[in-house]
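Chains as they are written, first to last, in the numbering used here: chain A, -14 to 313; chain B, 130 to 382.
Keep in mind that a hint or two might mislead.
[Stated by the list, open to error] Derived pair list, reagent style DMTMM-like, types lysine to aspartate or glutamate, alpha-carbon separation capped at 20 angstroms:
id, chain 1, residue 1, chain 2, residue 2
1, B, K299, B, E369
2, B, K265, B, E253
3, A, K294, B, D274
4, A, K294, B, E262
5, B, K297, B, D191
6, B, K251, B, E262
Hints are computed from structural coordinates only; laboratory data are not their basis. Keep in mind that this is a model prediction, so the values were computed, not measured.
What follows is each chain in one-letter form.
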Amino acid sequence: MKWKLPYLSNKGKIAKPSIWVAILIILAVLPLFIKSPYLIHIINMTFIYILVTVSFRTILTSGQLPLAHAGFMGIGAYVSAIAAKTFGVSPWLSIPLGALVAMGVGILIGYPFARLRAVYYAMISLFFGMLIISGVKAFAKWTGGAAGLTGIPPLFGFNKVPYYYFFLGLTAVSLLILYRLESSRPGLNWKAIAQSYMVAASVGINEARYRIIASAIGCLFAGIAGATYAHYSTVVGPTSFSFMATIMLLIYVVVGGVGNFTGPIIGIFLLMTVPELLRGFREYVPYISAAIVLIVVFLMPKGVTGLVKSFLSWLAELWKSRRTNDAP
Amino acid sequence: MLLELHKVSKHFSGLVAVDNFNMSIDAGELVGLIGPNGAGKSTIFNLITGVLPVTKGKIIFDGEDITDKRPHEVAELGVGRTFQLNPLFSDFTVLENVVASFHLRPKSSVLSALLNTTTYRKHEASIKEQAMEILKLLGLDKVKDELGKHLPHGHRLVLGIARALAVKPKLLLLDEPTRGMSLEEIDLALGAIERVCQQGVTIVLVEHNMEVIDFCDRVVVMSFGRKIAEGSIDQVRKNEEVIKAYLGDINAA
């Protein structure tokens, strides 16, 4: 099977730590200036989806296309919601529980699925995602079925601002963990496997083990995002975790640029946050999104972040050549 | 005896690729495995390294039965190898290729990588140093920041050897290390093989280039999955069955 995922490089450092600290500080004081709860809500949803999409890309780096990823978000959401609503568990306990269950399922399916590569893995994970949705619909007594589950105990009541700080902290810490993993030995192994599993095995990298680790970590963070989302929105329905939801994650990653850790973040911002802010033109939003996707796919094969990088290195080249030309 | 293949057979649904093949390699030897195209030489490598399952027979490496071991386990025991096609991680730089290949020694846990512990950082620093040493040994240090896919063909194959050395192998299996190379590139590859030999690594290589074969202490000749001759190059050259395998049966014509 020649079909292979595009290579996911992570050359150099993603900007300087100081830039990230600055962004964090700006985000920390932002709620003091934003009075609209709706705007805060959009930013909260952005945080949640950044977490889901970045964890989706983590599995991508190991060379697998996890088409059940939104489903794992669903596992986290439903497990935590049912534990809290039906069994009266505190959300502070049910959220880790939901996340761990998502990770556990990720590991369990990781074992048989690790034998499958590329398009076969994509297919089987697609079916697994459908299975999750069918499960939600079949056990309507617990999950509320297709209509959704309502009345989930909220984490902080109905003021959006505490959630804002909660999601900011959660996303920042999670991204730090995922970035650390990707830019160190495990990430190197994931990328090695993705490029050539034969060569990787010949230097002693256990392909199955590292694919399962990627799957476990990706599913853990998808589960965290799903569980916190459940106790934020207090309502969950199966459509948020369907195959289409996973395809949206894929689109965010592709538009932002698969090759960069920041790619999914840019993709979410362009395709989720901005259209949400333009809700005055709601009927045009699908067209704008479609246009962005088409432009990126045809003109920027490495996504927006890839284009920015090429542009920066082009500028640097230009700068260098001008300096050498100016020199006597 | 470092490596011993005992009556090894490999069948591909009816086709017998390797038939009752025996071979033993002593530590420190440089052995050439030769034979016409399709004789099953690369298959032997794939059987030793666990890429293909053995149909019948036994493979012993360093006193341990490795017949049913998986590729990464065989690597862990100290067998390094190169591949004919796709010899490297093409989207890593030359240095990254070797650094990534240092997965086994020293080994570090996912947790220590995540926490960026001092031990982990020491490991990675020493890996980088050792990787640079290997690149210097094989004459690749000048291109260390090139992407694998941008390397000229000869350098790619030599990088394959560098990658395999990162496993710190007792036994190195080189699959056509000078395949399709220009004369200068062959010099680069030969120099690399010679220096690896001097490090005391046992090498088995599959090769068609006689210039490389002349380096070998001993050759094993294969044809249609069977061993047809074994010995010094001069002995093998005179062997009638070898001549028949390469040139066809002259008497039959």
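Right, here's what the structure says about each hint:
At most 20 angstroms may separate the alpha-carbon atoms for a hinted pair to count; K299(B) and E369(B) exceed this at roughly 34 angstroms. Annotation: proposed proximity of K265(B) to E253(B) holds, straight-line Cα distance about 18 angstroms (limit 20 angstroms). For a cut-off of 20 angstroms, the pair hint linking K294(A) to D274(B) stands: about 18 angstroms separates their Cα positions. Between K294(A) and E262(B) the alpha-carbon distance is near 32 angstroms, which puts this suggested pair outside the 20 angstroms criterion.
The hinted pair formed by K297(B) and D191(B) meets the criterion: a straight-line CA distance of about 14 angstroms does not exceed 20 angstroms. A hinted pair counts as satisfied when its Cα atoms are at most 20 angstroms apart, and K251(B) with E262(B) qualifies at roughly 17 angstroms.
This entry does not satisfy hints 1, 4, going by the numbered hints stated previously.
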